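Here the protein sequences come in this chain order: A, B and C. Numbering follows the UniProt record's numbering, in which position 49 of the first sequence is assigned residue number 49; successive positions increment by one, without gaps. Numbering follows the UniProt record's numbering, in which position 446 of the second sequence is assigned residue number 446; successive positions increment by one, without gaps. Numbering follows the UniProt record's numbering, in which position 574 of the third sequence is assigned residue number 574; successive positions increment by one, without gaps.
No lab work stands behind these hints: they were computed from the structure. Check before you lean on any hint, since a few could be wrong.
Pulled a few chain A residues facing chain B out of the computed Cβ check, cut under 10 Å [as the list claims (entries may be wrong)]:
| id | residue |
| --- | --- |
| 1 | 67 |
| 2 | 214 |
| 3 | 218 |
| 4 | 376 |
| 5 | 397 |
| 6 | 520 |
Because the structure is a prediction, the values reported are computed rather than measured. Glycine included, each C-beta is placed from N, C-alpha and C at the ideal position.
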Amino acid sequence: MAVEKRPHLGDATRGRILYGGDYNPEQWPEETWPEDVRLMRAAGVNSVTLGVFSWAKLEPRPGERDFGWLDRLMDLMHDNGIGVVLATPTSSPPPWMGHLHPDTLPVTEDGRTEYWGGRQHFSHSSATYRRYAAAITEDLAARYGGHPALTMWHINNEYCTYDWSDEAAARFRTWLQDRYGSLDALNSAWGTAFWSQGYGDWAEVHTPRNAHYMKNPSQVLDFKRFTSDMLLECYLAERDIVRLATPHTPVTSNFMPLWVGQDAWRWAEEEDVVSVDLYPDPRDPLGAQQGALVQDMTRSQARGPWMLMEQAAGPVNWRGVNHPKPHGLNRLWSLQAVARGADAVCYFQWRQSRQGAEKFHSGMVSHAGEEGRTYQEIKRLGAELAAISGQVTGRHTAHDVAVLHDWHAWWAGAQDGRLSNQVDYPDVLKAWHRALWEAHLTTDFAHPEHDLTAYKVVVVPQLYALTDAAIDNLLAYVRQGGTLVSGFLTGVADEDDRVRPGGMDTRLRELFGIRTLHEWWPLDAGEYADCDTFRGTLWSEEIDKTEDAAAEASYKGGELDGLPAVLRRGRAWYLSTLPEPGALRELLAGIATGAGARPVLDGLPDQVEAVRRGDLLFLLHHGREPVTVPVPGTHHDLLTGTAVTDRLTLDRYGVAVLRT
Amino acid sequence: MAVEKRPHLGDATRGRILYGGDYNPEQWPEETWPEDVRLMRAAGVNSVTLGVFSWAKLEPRPGERDFGWLDRLMDLMHDNGIGVVLATPTSSPPPWMGHLHPDTLPVTEDGRTEYWGGRQHFSHSSATYRRYAAAITEDLAARYGGHPALTMWHINNEYCTYDWSDEAAARFRTWLQDRYGSLDALNSAWGTAFWSQGYGDWAEVHTPRNAHYMKNPSQVLDFKRFTSDMLLECYLAERDIVRLATPHTPVTSNFMPLWVGQDAWRWAEEEDVVSVDLYPDPRDPLGAQQGALVQDMTRSQARGPWMLMEQAAGPVNWRGVNHPKPHGLNRLWSLQAVARGADAVCYFQWRQSRQGAEKFHSGMVSHAGEEGRTYQEIKRLGAELAAISGQVTGRHTAHDVAVLHDWHAWWAGAQDGRLSNQVDYPDVLKAWHRALWEAHLTTDFAHPEHDLTAYKVVVVPQLYALTDAAIDNLLAYVRQGGTLVSGFLTGVADEDDRVRPGGMDTRLRELFGIRTLHEWWPLDAGEYADCDTFRGTLWSEEIDKTEDAAAEASYKGGELDGLPAVLRRGRAWYLSTLPEPGALRELLAGIATGAGARPVLDGLPDQVEAVRRGDLLFLLHHGREPVTVPVPGTHHDLLTGTAVTDRLTLDRYGVAVLRT
Amino acid sequence: MAVEKRPHLGDATRGRILYGGDYNPEQWPEETWPEDVRLMRAAGVNSVTLGVFSWAKLEPRPGERDFGWLDRLMDLMHDNGIGVVLATPTSSPPPWMGHLHPDTLPVTEDGRTEYWGGRQHFSHSSATYRRYAAAITEDLAARYGGHPALTMWHINNEYCTYDWSDEAAARFRTWLQDRYGSLDALNSAWGTAFWSQGYGDWAEVHTPRNAHYMKNPSQVLDFKRFTSDMLLECYLAERDIVRLATPHTPVTSNFMPLWVGQDAWRWAEEEDVVSVDLYPDPRDPLGAQQGALVQDMTRSQARGPWMLMEQAAGPVNWRGVNHPKPHGLNRLWSLQAVARGADAVCYFQWRQSRQGAEKFHSGMVSHAGEEGRTYQEIKRLGAELAAISGQVTGRHTAHDVAVLHDWHAWWAGAQDGRLSNQVDYPDVLKAWHRALWEAHLTTDFAHPEHDLTAYKVVVVPQLYALTDAAIDNLLAYVRQGGTLVSGFLTGVADEDDRVRPGGMDTRLRELFGIRTLHEWWPLDAGEYADCDTFRGTLWSEEIDKTEDAAAEASYKGGELDGLPAVLRRGRAWYLSTLPEPGALRELLAGIATGAGARPVLDGLPDQVEAVRRGDLLFLLHHGREPVTVPVPGTHHDLLTGTAVTDRLTLDRYGVAVLRT
């Protein structure tokens with residue numbers, strides 16, 4: 001829970017946008033370090049993250065410590081005015097750990113051990129692992145807590161492991177006992193009366209392992225919750241250790257955006273700084289929108305400035321085909337993050353590895369070195385960030401539109417025995433965010449139980465499972481004047497994944513004017529549901545509406561001919577299909593206008609994104625042909641230092657940061 | 001073997017088509033039960049299947065019994081005139097069983113245990129499992145054998161598990177000893193001289209587990225036979241228990257149609273009632289034909305009326321995209337089953353689950369409840385079934401055409417190292433049945449060793465492996481005047497999967513006029529073999545014919561130019577390719593006409609299926625546009641109660657049941 | 001290392017092309033043997049390979065021996081003038097071995113045991129397996145070393161198993177200790193400083209088993225090297241046994257062409273006869289070129305005549321769809337092998353199996369038997385081979401062009417975290433060989449450290465990792481006047497998979513005129529990089545060239561507009577993309593012409609391959625329509641016995657063997 005005096009990102013930035021990245025100098029001979037520092041300084045790098053993968057180096061044998069090299073690095077950084085985000089190295093245990101303690105290794109769903117030789121081969125439930133992790137964290141905190149280079153703690157890295165082992169099963173049982181109190185309650189929540197799954201003894205309850213046919217979806221759902229909670233326990237244990245040692249130094253752990261495994265709403269509450277790793281595909285025509293989505297979500301989790309912990313200066317190496325960033329794209333996307341609230345623009349990693357699994361993942365200094373285009377662009381961006389830092393850091397801007405998102409609803413909906421495997425939660429979320437983004441409506445994200453009253457429009461792309469509290473919240477929001485737009489498959493189940501009577505919560509059906517929801521009609525891949533004014537995708541529904549509801553759009557032809565596709569009852573809208581992108585954009589833009597929510601700027605050309613942060617207006621051009629943007633009035637462009645009146649031209653991947 | 005006085009389906013129907021479904025009321029609070037009964041009665045439901053998944057409820061801890069809830073249900077059903085098909089719950093053991101007795105869990109080919117948490121996690125070979133299964137069956141038989149609601153026993157459910165465990169291996173060895181007597185015989189049957197697989201000791205013989213390269217196909221074939229036999233042993237053990245207690249109550253276990261694992265010819269001999277689960281995809285343009293095929297096969301296994309144990313009132317939930325049934329389709333397909341011999345039209349399940357893995361599988365009462373379209377259509381159908389029951393039940397009709405089918409041939413042919421993985425046995429079977437179905441020739445199915453003399457035409461879509469007895473049977477059939485039409489890959493191997501000299505049995509080659517079968521020429525996906533009058537698919541062959549054979553069609557162009565594609569010697573036809581659907585239909589229709597087999601009705605429009613059962617003519621319209629059907633003479637339509645003279649019009653999905 | 005007096009293929013051929021194949025008569029009753037011999041003699045078969053899969057027959061129980069049947073076969077062969085290539089049966093251990101000694105079974109990456117029931121289920125690292133293998137080899141050598149039928153030893157068969165077991169891990173550690181001497185050296189070579197993989201104790205080092213994320217690529221690379229070396233150890237152990245017994249009898253083990261697992265350059269040094277198995281798909285339009293590639297590679301490994309150990313007379317049975325060979329194709333491809341250096345044309349197998357996993361793999365005698373087209377063509381070919389034998393055997397011809405190939409470079413490049421999974425080493429190799437083949441430039445293959453001075457042109461399709469010695473070799477080759485043409489992704493890493501500074505070795509960059517290699521731009525599947533005169537595929541690069549280099553082709557449009565696609569500095573050419581086939585052919589043909597390398601014959605029609613061997617010119621027509629080939633002068637065609645002047649016509653799949 002939030003504590004008033006908790007440290008925050010501002011304690012690390014101190015008015016400067018953090019710029020830098022993961023620095024793993026143990027890969028290189030020490031002779032390289034001064035050269036690194038020279039290049040960092042030339043590029044305006046003011047922050048590095050040390051120690052993410054250093055456990056074997058710090059603890060070469062159980063209980064041994066080797067801090068000398070890190071001492072030298074911390075001093076070197078400090079001597080050169082570069083702050084250090086110091087990581088606990090607990091995401092990648094040394095080989096000796098798995099060798100001496102096989103109980104620290106995760107086990108997959110079908111019983112295969114995950115060995116060392118990669119990374120993240122730790123069982124979140126292993127008492128042995130946790131003991132070693134606490135010990136190294138304590139020693140790091142004791143040794144570097146007072147070091148002047150230290151600006152932030154980074155706990156672990158991209159928490160993401162699942163574990164079906166026996167020790168995890170034992171912890172799962174404890175977690176379930178805490179959640180349900182009794183076996184009866186568990187049997188009820190999991191619906192074990194079906195398929196003869198009634199448990200008579202806690203000892204019978206297992207992690208959801210390899211089964212002959214579909215597993216119990218509530219068990220699987222709870223296992224996802226348990227996994228997020230176990231990882232959070234690991235985080236909290238280490239956070240508490242460093243917090244005790246350095247109460248005024250902020251703590252973070254980097255999220256993987258839209259990764260399925262962590263309930264980031266819950267996690268963010270326990271972080272002083274919300275940080276995220278962001279890797280849109282440079283080839284993806286919607287890469288910029290994916291970035292905006294993650295940035296909006298992260299800003300909403302942070303409720304203020306946030307940290308872009310990792311991005312790539314060039315290609316990554318984990319896609320099938322890994323494309324580099326064309327000239328200018330890294331700058332554009334970095335400034336987009338700043339526009340959407342980032343006070344830290346960092347990379348994985350400083351210098352591209354020359355060995356190991358990620359040597360084809362780019363670095364700020366690529367294999368091509370100082371002369372390479374990548375570093376040259378990094379250098380230019382460093383200067384620009386320094387130029388705008390003072391007018392950016394710490395600023396947070398409120399928005400009129402919120403998108404509701406909840407990991408538990410995602411987890412619950414993504415079950416094996418669902419009606420359509422074509423419906424992918426992140427895709428649906430992206431489709432709705434895209435519509436708003438293309439309509440130049442900057443959006444926050446919110447949890448369905450959050451206070452929504454500040455928003456003029458709230459959209460629910462898809463929340464398959466909703467608690468009663470969340471439903472109450474949505475009803476209250478509309479009652480109090482809010483405009484709610486919901487997609488299909490919302491409110492179908494309760495938090496135990498129990499289908500609500502009628503296939504959708506009765507109160508929500510009333511809200512939207514649905515009398516009877518006869519059948520869901522999922523669409524095949526590539527199939528469309530024709531409506532009067534657009535084509536629907538993914539889904540359609542056979543609905544009888546109530547008298548007081550209006551069919552704003554209807555199905556045309558086929559089995560659902562004449563039935564409502566878009567239903568409206570007062571300020572509550574229901575979409576029983578996913579309109580194609582243009583249609584969804586127009587629909588949401590119209591609803592927003594009706595609710596008094598306005599786009600950032602009128603008359604924006606396609607491909608130009610506009611975002612306000614504090615007093616600044618960021619204009620980001622995602623296209624390759626020059627465009628002219630109408631910006632009524634006179635402004636000052638912080639990047640060029642020139643005045644802009646009424647209109648400005650943006651070249652390929654151009655950015656302007658205007659102050660009026 | 002058939003016993004004269006064995007009970008049969010008529011003992012359960014007593015002149016009324018059974019209508020109802022699986023009823024799992026333990027999922028719901030008891031308050032729901034009276035509401036269930038009200039809706040059942042309103043819909044004409046007269047039969048429910050209880051207890052399929054109730055083991056954990058009946059035996060919450062090892063040896064404990066809780067029958068109270070079932071007592072109340074049995075009484076409730078009886079009080080409301082609803083018969084009960086009582087299931088043994090042995091398809092889904094309670095969690096305690098796997099937990100206390102890991103030896104009851106199946107093990108996959110690559111050594112992974114199948115845990116509880118789904119269903120069907122029992123090893124057919126486990127002595128422990130069988131002991132518990134027998135005990136609960138005995139107690140059920142003792143308690144409910146005399147209950148007046150009881151109409152039938154349902155053993156287990158959809159038997160289908162494989163098991164490669166050590167205990168299964170031990171049983172496999174015993175089974176092999178029974179089959180072969182000596183290791184020498186096994187070595188000969190499996191051809192172990194190849195690849196150095198000669199066994200010197202029975203203990204060396206294993207279930208065919210994960211191997212470096214292709215496994216011994218005869219070993220795999222025997223493992224499939226063994227699996228079917230082990231599952232049958234499980235069935236027989238439970239059947240014998242209930243039969244002892246209630247000698248006059250029929251016993252069944254539901255088949256999965258065209259599922260690869262059970263030799264249903266053999267199984268059907270041990271069932272009083274042959275029942276089947278049938279789930280064509282409502283979106284499949286050939287769904288009705290798939291249904292007809294299963295119905296024809298099931299009727300042939302039953303040698304009389306049969307039970308449609310499970311179908312879906314709406315969507316299922318195990319396909320990728322699960323489509324609901326459009327208005328009228330459930331009625332159409334249910335009446336199709338009656339036309340083709342069903343005396344029971346049942347569903348999985350009565351009320352759609354609200355929890356668990358199958359909550360998106362439809363029920364007779366959907367999530368939408370009483371007002372939902374699904375239940376409303378169920379209610380209408382119940383009334384119609386009641387209206388025709390008296391003139392339908394017990395009637396069995398003979399047909400002129402038989403399709404040969406044998407699981408052993410399928411198993412043998414579906415081996416890894418075959419010439420083409422494009423040749424899929426069920427697809428070939430469907431293609432031939434489709435041709436006959438579209439030609440309005442109602443067909444039976446038969447085993448290749450059955451007496452075929454009653455048929456005018458026998459077709460063999462593909463029987464890769466044939467016993468000598470089967471070959472003798474086919475030869476005798478033709479000798480005695482029958483017309484035989486065979487597809488390629490027939491008679492290639494003997495029952496041990498030993499290729500017969502010449503690549504096809506010599507007597508069959510003689511029968512069809514094949515002098516030399518030089519090479520098989522399988523076709524790639526999407527490739528065609530051009531012939532004079534049609535295009536062949538899947539396969540072609542390089543054949544020299546004998547003098548006395550006629551090439552009824554020849555390949556045109558390519559490597560096989562001029563060689564026979566369709567070969568005929570007297571009444572024996574051989575197709576060395578699979579003609580495209582229309583061509584196969586014309587070919588078979590012509591051969592049938594020549595042999596004196598006539599379609600059900602002349603001049604039928606496309607999409608209208610006609611079937612005779614007893615004195616009735618069923619007309620089933622599978623299209624969506626109204627059609628007019630010529631029906632010379634005057635008839636009485638049992639569904640409308642009106643007279644029909646010379647022609648009648650069927651609307652979308654329309655059905656008429658005519659009596660002349 | 002090569003020993004002067006080592007026996008060689010000529011000791012087995014004695015002037016006759018070996019013709020025959022694997023003979024597994026233990027599959028058949030002994031009555032079949034005389035019939036086999038009759039058909040062999042009629043077909044000119046003079047060599048059979050016995051015993052490949054006979055271990056269970058020879059050693060039915062541990063330590064027992066049954067040689068009687070083999071004695072009779074050896075005698076029978078000898079009596080009929082058929083030489084025997086006698087195999088050690090160690091590729092397929094008897095069932096008793098895995099049963100009694102589970103430690104002899106391989107274990108997969110994710111811990112699954114590979115059971116008996118297939119073949120090749122032996123762990124190369126198992127001491128038990130090696131002990132048994134040595135014992136049976138010793139006894140075979142003792143018994144048959146002096147048999148007059150014996151012409152060659154064949155050790156094992158298609159060595160190819162991996163093993164991640166504990167015993168393999170122990171051996172891997174020893175292998176690594178030999179390679180690196182110290183853990184420090186291993187840690188350096190594997191770059192374990194990254195991802196906290198530093199090893200503190202040898203016991204911690206494992207085979208690269210199932211991991212959470214990407215494995216250490218150097219560890220995986222070394223595991224591939226280790227696997228090749230362990231298999232080689234197995235080979236050497238058996239070879240040394242037979243060599244000791246029969247120092248003048250040549251020894252071989254058959255390679256699988258372009259199979260990833262064996263470093264065949266290293267292996268070939270230890271073989272008296274290099275033999276290969278070759279199975280191009282008869283349907284593959286490039287089948288003939290694939291064959292030529294393998295033949296060229298095998299000849300280069302043999303540095304002289306080589307043995308085609310296995311090919312198929314008709315279809316194989318391990319593809320998805322297995323096509324037979326059309327009339328004439330087996331002859332054409334067999335004579336192609338002879339043209340490219342084969343002194344032995346053999347098949348798997350003599351008589352097609354009637355049981356087991358390979359009964360649909362063709363034989364020289366197919367299921368159709370003596371009358372079948374397959375045997376009839378075999379017979380014709382036997383006569384032709386006999387006719388040309390005397391002027392062919394022992395001849396070896398030098399060529400002007402070499403293609404560099406190295407398994408270690410392949411292994412290193414095929415890592416998980418690479419930039420593009422579209423780049424497949426064998427495909428790139430094939431593309432370059434195809435260009436040369438279509439340009440009628442017969443090529444050798446060479447290792448990058450081989451002496452290249454004899455070649456006018458050396459091409460490097462792709463050698464991702466190169467040792468310093470190899471780089472020195474390439475530089476020296478160009479310095480001494482050679483023309484070098486290299487594709488992209490060459491010289492990127494050293495032998496430990498350490499990326500060289502600048503992303504490509506500095507000396508190579510200098511050689512080709514690359515100043516800065518900014519970024520690799522891999523292309524998506526189906527994407528092209530437009531260049532001035534052709535389209536590039538797979539890859540492109542952002543390069544700054546040096547002043548003294550010439551851009552022979554440049555990218556046009558897109559992000560790389562105007563940058564060099566084909567770079568030339570003197571005699572060193574660099575292709576940063578893969579031109580489409582026609583363009584690569586023209587480019588290489590032009591370069592070859594410039595370097596004085598000429599095609600075999602001018603004016604050859606498409607589809608006609610010309611190869612010189614000794615004094616003979618082979619003309620091979622791969623098309624189905626007759627063509628006329630200009631052959632200036634007068635020649636004698638050994639196959640027809642006729643004179644040819646200035647031109648000759650080849651019919652479908654026609655071959656001429658001309659002597660001038």
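Verification of the supplied hints:
no. : hint : in the structure
1   : 67   : violated (44 Å)
2   : 214  : holds (4 Å)
3   : 218  : holds (7 Å)
4   : 376  : violated (48 Å)
5   : 397  : violated (42 Å)
6   : 520  : holds (7 Å)
Checked against the numbered hints listed earlier, the structure breaks hints 1, 4, 5; every other hint is satisfied.
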